[in-house]
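Participant: Sequence lines, in order, name chains A and B.
Sequential numbering of the first sequence, starting at 1, is according to our numbering.
Sequential numbering of the second sequence, starting at 180, is according to our numbering.
The set of hints was computed from the structure by calculation and includes no laboratory data.
All of these numbers come straight from a predicted model, not from anything done at the bench.
Cβ atoms here follow ideal geometry from the backbone N, Cα and C, with glycine treated the same way.
Do not rely on the hints blindly, as some may be mistaken.
Said to hold, decoys possible - Here are some chain B residues the structure puts well away from chain A; computed CB gaps all over 12 Å:
(1) Leu299
(2) His316
(3) Arg451
(4) Lys579
(5) Asn712
(6) Val764
As the list claims (entries may be wrong) - In silico lysine to any residue, SDA-like type, Cα no more than 20 Å apart, as pairs:
(7) B:Lys384 to A:Pro110
(8) B:Lys381 to A:Phe56
(9) B:Lys298 to B:Lys561
(10) B:Lys384 to A:Gly108
(11) A:Lys128 to B:Glu396
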Amino acid sequence: MEGQKVKKKIKEIRFDMDKCNGCRCCEIVCSQVHANPKYSSVNPAKSRIRVIIDEFADNYVAIRAGQYTEAECNARNSFTIRGREFGTCEFCPAACPSRDAFKDPESGLPFKCDACEGEDSDIPMCVKECHSGALTYIEREVEVEPHTTDELQVSVATLLKRHGLEKVVDTIAKVAKEL
Amino acid sequence: MRYGETGYFLEIDLSTGNIEKVESDPRWLELYVGGQGSADRILWDRVPPEVEPFSPDNLLIFSAGLFCGTPIPGANRTIVNTFSPQTNLHAHTMMGSYFAPEMKFAGYDKIIIKGKADKLVYIYICDDKVEIRDASHLKGLGTYDTQEVLKKELGHRFQIAAIGPAGENRVFYASIDHSHASAARGAGAVMGDKRVKAIAIKGTKDLYVANPQKAFELGNRLRKEIAENPHVGDWMAVDEDDSFHHDNFAWGNARVRRKGYWTPEIEERFTRIKYDHLDRQTGCFNCPKRCHNVISWPGRKRFSYKCFGKDTYHMAAFQELDFSYDILGVAQNLGLDSYTTPQVIAFALELYEAGILTDNDLPGMPNDIKGRFFYFLDKIVKREGIGDILADGVYWAARKIGKGAEAFDHNTTKKFEQVPIKLGKLNPPYFLMIATGEKMNITQIEGSFPQDPLPTREEREEFVRGWIAAKDERFKKWFLEWEKREMVTIEMACAITEWNEAMHYIDDATGLCGFVSSFRGQFGGRTVYHIHNIPEFITVITGVEFDEEKLWTVYKRNRNLVRALNVRRGMRREDEKPPEDHWAVRNHEYEQILLDCYYEYQGWTKQGIPTVETLKKLDLDFVAEDFLKRGILTGNDEVPNVYEKYKDKYPWGI
Ligand code: SF4
Ligand code: SF4
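Next up, chain B with everything else stripped away, as it sits in the complex:
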């Protein structure tokens, strides 16, 4: 008997119609834990680098994290992995709410989709009954509409993940939506390319735990902790002061920082708009928090958002919250990601102002900014005219449009739109996280070490006293002595980057939500889950012995596997750079030394490639062999060998 996991993958080949329930290798639990970890092993084994993202041979994998469906609260993430048409690299995205637990109750840890259907279909799963069904009646329907229609047809116990017209038309930043959750970063486009409109799933099976009594007590205890702890969940769901985003993030096409924008009047106005239209705040499966704000806006579909999701549209359009509320329900129903879409539109509008796009390119475009945003939504979703170019994201659109448009692509890394932040001085750990991160969005990389120091020694001491989550004593010492944001040694920058990333890799294997774990430590330092307690919880649930060291090795293995997938697809050092204007004050010489040091810290070559030694230590011998065979490594490869020399240095010139 398997505990915590079901022990089965559901394999669906859309080209042949073949459906199989396949038992998974039990050793993979110890090697990868689950979720994205084992999904990446499958991508490594089965999708060679020549496979284009829009090839039938690309896989689209839905994974339920190890803890999903078990008594462990706040674990409900469905992690979706594939290769993204936008970056041509590994795609990581995930969503909360109910889908992953339902997969487990239906008896599957993963749904692995291969091939391409010859017409639009949806996948029906009710325990062991799995069918590829015609979806012609769902064609063109929105993500919410599709869920409503299918729930009416199949019953409300079905959990549905659907794409909208954006996904059907393979907009690169199309989302997959389910209940109040959403996943984008390439996966929606691949789902559309495979012509899968939706997956509808219902399960009625038992999901067993290894230690019933302990698991019961643990679940109840942690649920109470999550409910009572103000430092987990999305504090923005309750704190109406959103100066954080409005004063610090860049408006328009990631251009303008409006320090002092946030005033008591704005706060009052925004708060009123919110509560006048707020139906409810909801949480995800097995989580007492309430992070989703559910909004009814006149004439629009009911929608929900989390955190910064409410700001992206109005900040891109230099408007106020009412504009975001007016457009969000429409855009999300169309199945467009609300991080990338506003940036693409703001970019197009800058090109128009600069005369690079003209009235000829934009027939019928309204004169007002709000009308223009809706105009672009429509063009992009339909891939009509300029919309067809913009549907590939800023990087590709800039190159297709030419005439100097490339200069307006100033906020992408690895061809992917970054969070619109433009700051003053270079920040070493952030340089490393943005440059070397492979989850493409900083919110999926940062999170355990605080973003900023606390002003006084007393406050820092108080913070450190209750900082159980701190990975080890070094971090406490560093935090106590830390006074200025950018005053960080190279050793600190490397260790902080690694710890931040590690917790996300662990969450994406266990299915834990970043708001109770990896993302949340940076604000308050009091997460419910951390490196010290997760191993014990794995043991209670699965019966497999885990300790901190073993879990840390899993993180390293999973992290190197993603790097290996991307290296094999051509990613190298030159791709690892934050947007040039991310900081006004840069120090390129120092940055390159920093990058060398981090590569060495991770056991990577000067090109950012894991060495044979690094790979073998992590039982990734098969990756090493492949790299040697392809000539990616020679066997005599070395790490940069500069770390010892520079590790105590602070950034030059700061």
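Chain A extracted, bound-state conformation:
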């Protein structure tokens, strides 16, 4: 049965590597916005956006901190761009156990880009302070099926299909006890 469609706002930060001049203003303002107290310091290592700069191969890639993940990937791939090899990890937005990217250098706690929620600005600050046009921001409204927005439902349905109801219930009970 079709549910009624709902509207969802999608925030998208786009990066055009050809336009980047390597100024790292995006890192600077991001770290200011997320400093404690607010704006009190600059520290690119605490920025939720990092620009990977390899000036000798002319590669410029901005990566934004995504979800925190508890486990590291079990397989990796690599990319060769303009003759330079990069591991997946370098372009990965996740804060994960295998590395210190997107983690607070002092506490080790993970960072996640919040698109400057609560900032007095209609667009994220990294985009606003990118005068090269490398970072742009789009907000669009999309209509989605309501149930698809519940990630847990999707996950549970997948588990049931794969393992059957009994095994899933047993496992949940067992894991819950161990917690």
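Use these hints to put chain B with the ligands onto chain A, whose structure you have.
Facilitator: Below, chain B with the ligands without anything else, positioned relative to chain A:
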């Protein structure tokens, strides 16, 4: 808590292996601001004049300017100071890109290197972890190669400053290269002498500001201003008309001026060569401009250049842009400064033509001019045969070669190669800037007052109307009435020289780039930073009250400290002269009066030595005491006492 600065210096003694993190004196912020200012205080305190540049007791100091790493955009200069083997005087050089901010994030305002390692090393710095590491695997590698190898080993977040084989072999004009930036004027040779191949640094610490809200708004506002203002940054990165250098600067060994060289055909050809090979234009840390042109040339390493950097080789060799592009990546990777190197090679080729150098001196030299330039690069970097002599620069090479070679050394001042410019009539402020400047290159001295008058009164009025940067009303009045380049009174010449220099001294303390500040006012007069707004920005960042007068006193203090360092090493009036043929029409009698007047204007004696009174006014009592003890001053020393008499005079005979 310290704001804007970290409050710590990193002290590294290569001879003993001792590494210390030392808290700096908080009062130095008000006295010197930072950057070169406080570096020179350290040189004064710790390097007596007997110390040879290649002595383990010489210091090599990397300073991050006060604003570096703070929200203030366009501030990213690493200033390197030491004593230069070429001049035996104070060495000033600096580079942009990312190194200085990274120093701050690692927790250091300065890296002070002393002693000498017994084998090639690199310095590893990751926040508080500092190590002197073996660099035998980097031996002989180029500046770019070294950065690539270390980034691969340590990770791409490390910022690396490296010397190439030229620095390892102590070529006097070897450069220190980092990312798309480069610093030379003696520092690369001293780094090589200390056997430091590279410094690799990464920092993850907070750099605090005193007034967070204001600093945030200020940074964002200034960034927008810089981005939108066409009068800051390097206009040559976007304007393809380079008649300025090609028609006005001298080709070869600073010999030939080719007026009318630049034509639409040349412009079209050069533009095509550039854009066919341009990968990207980049900026420095926290700056929206794009001054570095990044070029890929077939068969060569990717390289970048700024401004006049693209012209020096082909103008020295009477070639075209393709030649510069072919040689720049090679020369910069070798770690050779692209201002001095082409002049040294052009000088050697003149000696060859004059029969002073012969085929015996130049075994295996190719017949074509391009091949010859590469031949000399190789000899100089290896210090092989004639290269060993040329590696000391034109002044010393001329004296070692003898047989009349001295006459071909026609473009040095204080033993240092000057920008190749040969002009018609004596220009009073330029006479003073070249003669008395101690940063050795005119681009580090000129910059706030326009180089030339505007043709009509209306244009001048329009210029003055928006000239916020003008130091005071006098400059506006002078500019309005100024019609002919050399028609400048002595009072004007003194004031212009001082204001131009002052802004560079301020930039070298704050870490601001000359393209948004000190250098850029001379073309367009609309810089983002100037004497009126920098004091307020210091206060926002550091919390220390500053006003114009206080900042001007800091400039005077820092400027006199450099003079004191050089005077103590023997520099006197006789050293203060532009190249004899810099202008075809000179007036030696007038020039000496002009020099007297400027010395007096600065509070210096007839020998160019700051008087006790001048020094005490600037809280440089310790310099005064030292001068008295050494007999450099007697205590009854006077300024020349001629300024009042001559200040309204225009140059004689012009
Ligand atoms: S602000 Fe824009 S141009 Fe600058 S580094 Fe970030 S993405 Fe690149
Ligand atoms: S103006 Fe140019 S050289 Fe100066 S800091 Fe900005 S990008 Fe670098």
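Participant: All the hints need checking, so say for each whether the structure fits it.
Facilitator: Tested hints:
Against chain A, the non-interface label of B:Leu299 holds: every CB pair exceeds 12 Å, the least being about 22 Å. With a least CB separation of 18 Å from chain A, B:His316 remains clear of the 12 Å interface cut-off, as annotated. B:Arg451, annotated as away from the interface, keeps every beta carbon of chain A farther than 12 Å; the closest lies near 20 Å. The claim that B:Lys579 is not at the interface with chain A holds, since no C-beta of that chain comes within 12 Å of its own (minimum 37 Å).
No Cβ of chain A approaches the Cβ of B:Asn712 within 12 Å, the least distance being about 20 Å, so the stated non-interface status holds. Against the 12 Å criterion, B:Val764 stays outside the reach of chain A, whose nearest CB is about 45 Å from its own CB. Distance restraint check for B:Lys384 and A:Pro110: the Cα-Cα separation of roughly 16 Å lies within the 20 Å cut-off, and the hinted pair is therefore satisfied. With a C-alpha separation of about 18 Å, the suggested pairing of B:Lys381 with A:Phe56 holds against the 20 Å cut-off.
Using a Cα cut-off of 20 Å, the hinted pair B:Lys298 and B:Lys561 holds, with the two alpha carbons roughly 18 Å apart. Taking the CA atoms of B:Lys384 and A:Gly108, the gap is near 13 Å; set against the 20 Å cutoff, the hint holds. Using a Cα cut-off of 20 Å, the hinted pair A:Lys128 and B:Glu396 holds, with the two alpha carbons roughly 13 Å apart.
In this structure, none of the earlier numbered hints is contradicted; all agree with it.
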